[in-house]
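A.B. asks: Protein chains in written order, with our numbering: chain A, 232 to 345; chain B, 2 to 111.
Read the hints as simulated data drawn from the structure, not as lab findings. One should not assume that every hint holds.
[Claimed, not checked] No farther apart than 27 Å at their CA atoms in a straight line, the calculated lysine-lysine pairs in the BS3-like style are these: (1) A:Lys270 - B:Lys103; (2) A:Lys234 - B:Lys67; (3) B:Lys55 - B:Lys67; (4) B:Lys67 - A:Lys275.
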Amino acid sequence: NSKVIQTPRYLVKGQGQKAKMRCIPEKGHPVVFWYQQNKNNEFKFLINFQNQEVLQQIDMTEKRFSAECPSNSPCSLEIQSSEAGDSALYLCASSQDWGQDTQYFGPGTRLLVL
Amino acid sequence: GQQVQQSPASLVLQEGENAELQCNFSSTATRLQWFYQRPGGSLVSLLSNPSGTKHTGRLTSTTVTKERRGSLHISSSQITDSGTYLCAMEPDTGYQNFYFGKGTSLTVIP
Numbered sequence: 232n233s234k235v236i237q238t239p240r241y242l243v244k245g246q247g248q249k250a251k252m253r254c255i256p257e258k259g260h261p262v263v264f265w266y267q268q269n270k271n272n273e274f275k276f277l278i279n280f281q282n283q284e285v286l287q288q289i290d291m292t293e294k295r296f297s298a299e300c301p302s303n304s305p306c307s308l309e310i311q312s313s314e315a316g317d318s319a320l321y322l323c324a325s326s327q328d329w330g331q332d333t334q335y336f337g338p339g340t341r342l343l344v345l
Numbered sequence: 002g003q004q005v006q007q008s009p010a011s012l013v014l015q016e017g018e019n020a021e022l023q024c025n026f027s028s029t030a031t032r033l034q035w036f037y038q039r040p041g042g043s044l045v046s047l048l049s050n051p052s053g054t055k056h057t058g059r060l061t062s063t064t065v066t067k068e069r070r071g072s073l074h075i076s077s078s079q080i081t082d083s084g085t086y087l088c089a090m091e092p093d094t095g096y097q098n099f100y101f102g103k104g105t106s107l108t109v110i111p
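Using the sequences and the hints given, assemble the complete structure.
C.D. replies: Here it is as structure tokens:
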């Protein structure tokens, strides 16, 4: 069973507002991923980290999204200026390494942008 | 871009029947991973399979990466198996991220 913790579970923001969500990966997991699941049930990869370093991120993330995984603090994903299309379930996952290990998912933060 | 197609989109079974879920993908992959999504959102990792056949409990995953396809077999389905089953493909780019299919919605009825 996954021990990835995500907060808050629900987040409601107005358009243009910042939206910040946090993730505590499983202990001992240096690799963290963020995914977005939209209302059509489609998953999209956003960004991933190994320890504090960003390894890969998509264009959307580079423009309005910022993310970090500081040492000894929760990882975070922040949308600088929320848009209606950002309403989705944001899932954080962690894994032990880049090899054959599986990813463990948190329960997600459901963002609603009004 | 990467494409992952799952079929069927939805499936209704009577308790005790077997289910066969298919996953096809458009590019070469390092492995397939199957997830179960409970109603309400949280994901559970089921099987991670680079190739061949893997079993856990009533689940059997078969991955044929050369043919860009995989499957998940659920034997003796139970009502608690109801939910969405997602196939995710890890491309062989060297980065461990996944491209997901849209899922198969499974409903098991008494």
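A.B. asks: Which numbered hints turn out to be false for this structure?
C.D. replies: Those not satisfied come down to hint 2.
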